[in-house]
Each structure stands twice: as C-alpha cells, then as structure tokens.
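Protein chains in written order, with this note's numbering: chain Y, 130 to 180; chain L, 447 to 681; chain U, 35 to 253.
These aren't lab readings, by the way, just hints derived from the structure by calculation.
Watch out, some of these pointers could steer you wrong.
Computed beta-carbon distance windows for the label pairs [stated by the list, open to error]: (1) U:P188 with L:L484: 36 to 46 Å; (2) U:L105 with L:W584: 24 to 34 Å; (3) Y:S160 with U:P188: 32 to 42 Å; (4) U:A52 with L:D498: 53 to 63 Å; (5) U:W140 with L:L454: 43 to 53 Å; (6) L:T669 with U:G164: 21 to 31 Å; (7) U:W57 with Y:A150: 36 to 46 Å; (8) Y:V154 with U:A52: 20 to 30 Å.
Backbone N, C-alpha and C define an ideal beta-carbon position, used for all residues, glycine too.
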Amino acid sequence: MTASLIPLLMVALLIWFGVFAFILVVDRRVSALERRVEDAQRRLGERQAAR
Amino acid sequence: MRWAHEALAVFVREWRAEWRTRVALSSVVLFAVVALVLIALSLRDKTGIVVDSDARPSVAAALLWVILFFTAATGLGRAFVQEEERGTALALRLMARGTAVWTGKFAANASLLLGLAALTTPILIGILETPVKSMNLWLLVCVLSLGCVGIAAVFTMTSALVAQASVKGGLLAALSFPILVPLLLAGVHGTKAALGVGNPQGFFAPGTGDLQVLVSYAIVAVTTSLMLFDFVWND
Amino acid sequence: MATFAKYLLGVWVAACVAGTFLWLREVPTFPDPQLARIVALHLPNAMVVMVASIMAGAFGWRYLTRGRRPLDDARSKTAAVLAVLFCLLTTVTGSVFAKVQWGAYWNWDPKQICIFILLLIYAAYFVLRGGIEDPDRRGTIAAVYVLFAAVMTPLLGYVVPKYLPSLHPANTRFDAQYHLVIWSMTAGLLGLYSWLFNLAVRQERAQLALDELAFEGDF
Chain Y
130 MTASLIPLLM
140 VALLIWFGVF
150 AFILVVDRRV
160 SALERRVEDA
170 QRRLGERQAA
180 R
Chain L
447 MRWAHEALAV
457 FVREWRAEWR
467 TRVALSSVVL
477 FAVVALVLIA
487 LSLRDKTGIV
497 VDSDARPSVA
507 AALLWVILFF
517 TAATGLGRAF
527 VQEEERGTAL
537 ALRLMARGTA
547 VWTGKFAANA
557 SLLLGLAALT
567 TPILIGILET
577 PVKSMNLWLL
587 VCVLSLGCVG
597 IAAVFTMTSA
607 LVAQASVKGG
617 LLAALSFPIL
627 VPLLLAGVHG
637 TKAALGVGNP
647 QGFFAPGTGD
657 LQVLVSYAIV
667 AVTTSLMLFD
677 FVWND
Chain U
35 MATFAKYLLG
45 VWVAACVAGT
55 FLWLREVPTF
65 PDPQLARIVA
75 LHLPNAMVVM
85 VASIMAGAFG
95 WRYLTRGRRP
105 LDDARSKTAA
115 VLAVLFCLLT
125 TVTGSVFAKV
135 QWGAYWNWDP
145 KQICIFILLL
155 IYAAYFVLRG
165 GIEDPDRRGT
175 IAAVYVLFAA
185 VMTPLLGYVV
195 PKYLPSLHPA
205 NTRFDAQYHL
215 VIWSMTAGLL
225 GLYSWLFNLA
235 VRQERAQLAL
245 DELAFEGDF
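Let the hints inform the model, and build the full structure from the sequences given.
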C-alpha cells in the first residue's frame with residue numbers, strides 16, 4: 130500500500146457515506162408515505178363499514 | 447399449412463396495397479437516389495474520386511450501411527402505422543393470426559430492402575470506384591442479404607410498437623438503431639472484408655465471424671419478434 | 035429491509051472501498067500497475083447492469099403473461115432505471131480507468147461502444163414510455179421493447195466485444211485478493227441495487243394505492 134492513495138480513499142468513502150445517508154432519508158420518506166396510505170385505507174374501510 | 451397461406455396472403459396484400467399508391471416504394475427510391483447523388487457530388491471533383499484508393503472500401507461500406515439503415519427508417523416504418531390510420535387493423539386481425547401477419551409484413555419489408563440494396567450497392571461501388579478485382583462477390587451478397595433480413599425483422603417489430611405511440615416521426619429510428627448496432631457493426635466489418643480490406647484470400651475466410659454474428663442476429667431477431675408479436679397485436 | 039441489514043450494507047461497501055485502496059497489490063501487466071485497482075470499482079457495476087437488465091426483461095415477461103398487473107410494469111421500469119444508473123457508474127469508472135491506462139477518457143473501444151449503445155437503448159425505452167398515454171397499452175409496448183433489449187444485451191455485452199479487436203485485456207490474471215474484493219464489491223452493489231429496487235417499488239405501490247383511493251373519492 131502507498132500513502133498517496135489515502136486522500137483518494139477519503140474522497141471515495143465520503144461519496145459513499147453521502148449516498149448512503151441520502152438513501153436512508155429516502156427510505157424514511159417512503160415508510161412515511163406507506164403509513165399515510167395505510168391510514169387512509171383504514172379510514173375508508175371504517176367509513177364503508179359504518180355505512 | 448393454413449399459417450403459410452395466411453402469411454402469403456398478408457405478403458401479397460401488402461405488396462398489392464403498396465403497388466396501388468407506391469408511397470413507400472417511391473420514397474425509398476427517392477431517398478436512395480438523393481443520397482447517391484449527394485455522395486457523388488461531394489466525393490468527386492474534376493479529376494475524379496477524391497478518396498484514396500486504400501480508403502475506398504471502408505468509405506463504401508460505411509456509406510452503404512448508412513443508406514440501408516435510413517432507407518429502412520423512411521420506408522419500412524409505415525407497415526403498421528398505416529393499418530392504424532386507415533382503420534384496417536381489425537380486418538387484418540380477423541384475416542390472419544398474429545405470427546402470420548408479422549411474417550407477411552416482414553417478408554414484404556425484407557423484399558423491399560433487398561431490392562433496394564441490389565440497386566444501391568453496384569451504383570455506390572461504381573461511384574466510389576472501389577477496386578473490383580479484390581472484391582469477394584459472394585461474401586458481399588451474403589453479408590448484405592443477411593443484414594437486410596435482420597434490419598427488416600427489427601423494423602417490422604418496432605413499427606408495430608411505434609404505431610401505438612402518439613409521437614411517431616423520429617421514434618422509429620431512435621428505437622431501432624440501438625437494437626440494430628450489433629448487426630450494423632458486423633455488417634460494416636463484413637462489407638469491408640468483402641470489398642477487399644484485410645485478407646482477400648479464401649472464400650468466406652475474411653468474414654466468417656461477421657457471417658456468424660449476422661446469422662445469429664437474424665435468428666434471434668425473428669424468433670423474439672414471433673414470440674412477442676402476439677402481445678402487441680391481440681390487445 | 036431490517037435496519038441492521040442497511041447498516042451492514044453501509045459498512046460492507048465501505049470496507050470493500052477501503053480494501054480496494056489499501057489492500058490490493060499492483061498488477062505489473064497494466065500500463066499503470068498502481069491504479070489497476072480501479073477494476074474493483076468498475077467491474078462490479080457492469081455485473082449489476084447485467085442483472086438489472088435481465089430483471090427488467092423478466093418483469094416485462096411477467097407483466098405480459100400474468101394478467102398485466104400495473105405493479106409488474108412498475109417493477110420492470112424500476113429495474114430499467116437502475117440499469118441506467120449502474121450503466122452510468124460503469125461508464126464513469128471505466129472512463130477514469132481508460133484515462134489512466136490507455137491515455138484518453140474515450141477510445142471507441144468495442145466495450146465502450148456497447149455500454150453507450152445500452153444507454154441509448156434505455157433512453158429510447160423511456161422516450162417510448164413517454165409517448166404512450168394509456169397505462170395498459172404503455173405497459174404492454176414497453177414490456178415488449180424491454181424484452182427485445184434484454185435479448186440484445188448479451189449480444190452487446192459478450193459476442194460483439196469478443197470478435198472485434200479490443201483494448202480491454204482479454205485474459206489478465208488477477209490474484210486471489212483481487213477476486214475477493216471484486217466479488218465482495220459485487221455482492222455489496224447487488225445489495226444496494228435490491229435496496230433501491232425495494233424502495234422504488236414500495237413507492238410505486240403506495241402511489242398506485244393513492245390513485246385508487248382518489249378514485250374512490252376519499253383522498
């Protein structure tokens with residue numbers, strides 16, 4: 130191994146963790162969207178049952 | 447047996463309809479003539495042809511396949527668009543099953559393109575004064591006819607796809623070109639070999655790999671189209 | 035996916051990147067032996083492109099043969115989007131690799147042409163999708179085209195580069211360390227691919243459910 134590669138490694142790791150964090154955020158938002166849809170579906174079901 | 451009759455009927459119907467209006471035929475021939483005149487005007491001056499004699503086979507091969515591809519794009523795309531426009535698609539659906547329709551249209555397209563290649567190639571070779579002595583005629587005929595069959599198969603399929611889309615103009619060439627690239631690479635390579643670039647010895651020797659690619663491409667394109675056409679047609 | 039698996043994936047890929055830079059040795063047969071290690075960042079992407087391409091075709095086939103469910107079309111489209119993404123990654127890493135090894139970012143090498151053509155195929159695929167309004171019809175036409183593309187991908191990836199003269203090394207002997215890092219990276223990127231695929235499909239499914247709710251007049 131050579132020391133000259135270490136800055137490159139740092140850049141590569143920085144890019145990867147940036148991408149990783151971004152995907153984690155997207156994951157959260159998709160989960161939230163799914164919960165919203167489930168709530169709406171449940172409300173619709175309750176309303177239809179009441180009718 | 448009935449399938450062959452149906453396919454033949456579609457083929458005959460296609461050529462009869464074409465002969466009545468001659469839209470595709472005249473546009474294809476005009477396109478080829480314009481392209482050839484343009485090539486002749488730009489590559490010749492008072493002293494004759496301006497391309498080095500070593501480079502002529504390569505230039506001829508490249509121009510030939512450009513002409514073939516774009517003629518196909520102007521002429522072969524009408525196959526299914528017309529049916530949708532004239533509203534005759536339904537009658538055709540009753541007349542024959544999907545694979546027979548595809549085969550008939552494909553045969554019509556292939557024959558048109560083959561005829562055009564037979565007209566264009568000698569003229570182009572004449573314009574560029576490609577050395578005839580080192581030419582491998584049978585290899586050239588095989589490469590060109592296999593290439594035309596493959597191009598016709600892909601264009602018959604993509605024109606059926608494009609007929610359903612709202613923008614039709616440029617889409618046909620854009621859909622077909624990337625799929626055709628393996629064929630075009632092998633075609634250009636094989637044509638160069640047939641016109642005497644590289645090793646002119648042996649019967650098919652200089653273009654064996656190209657012929658293999660062209661044959662397998664034609665088989666793959668025809669079988670995939672036959673397998674998938676019913677999904678597009680019986681919708 | 036479980037939270038543990040996500041963080042494991044993060045650490046796994048980071049470890050592969052670190053291994054690429056710190057653990058791999060020089061390969062003397064390359065013009066720049068030191069930077070032969072880029073192959074561990076380049077090759078795995080190309081393998082993911084292959085997998086994504088085949089999956090796009092497979093879901094297209096499932097859409098056509100199993101009752102044309104909108105979700106299968108969404109899966110096929112998602113796989114195609116991810117194929118484009120990894121295609122771009124392959125092209126970028128490949129360009130850098132070509133710059134340090136062969137001296138130019140773009141050499142019109144058969145494999146470079148083929149990856150470019152694959153990008154063109156998918157560009158045409160998305161233009162085609164954009165040109166059809168009716169969702170059922172769009173699904174059918176797109177599925178047929180993507181299957182056609184999936185059949186041509188091996189021809190582009192393996193047959194054409196084989197018989198045209200190429201700058202790509204045909205039989206470089208990489209040592210065991212290289213194999214380990216390349217395959218670990220491939221596994222990591224396939225994990226990343228499945229995560230993204232899963233996210234996009236879940237999003238599409240939620241969107242379809244929302245459309246249905248709007249149709250019922252509740253949303």
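To see whether the hints hold, each was checked on the structure:
no. : hint                           : verdict
1   : U:P188 with L:L484: 36 to 46 Å : 38 Å, holds
2   : U:L105 with L:W584: 24 to 34 Å : 53 Å, violated
3   : Y:S160 with U:P188: 32 to 42 Å : 37 Å, holds
4   : U:A52 with L:D498: 53 to 63 Å  : 54 Å, holds
5   : U:W140 with L:L454: 43 to 53 Å : 49 Å, holds
6   : L:T669 with U:G164: 21 to 31 Å : 29 Å, holds
7   : U:W57 with Y:A150: 36 to 46 Å  : 25 Å, violated
8   : Y:V154 with U:A52: 20 to 30 Å  : 24 Å, holds
Figure legend: structure checked against the earlier numbered hints; hints not met, in rising order: 2, 7.
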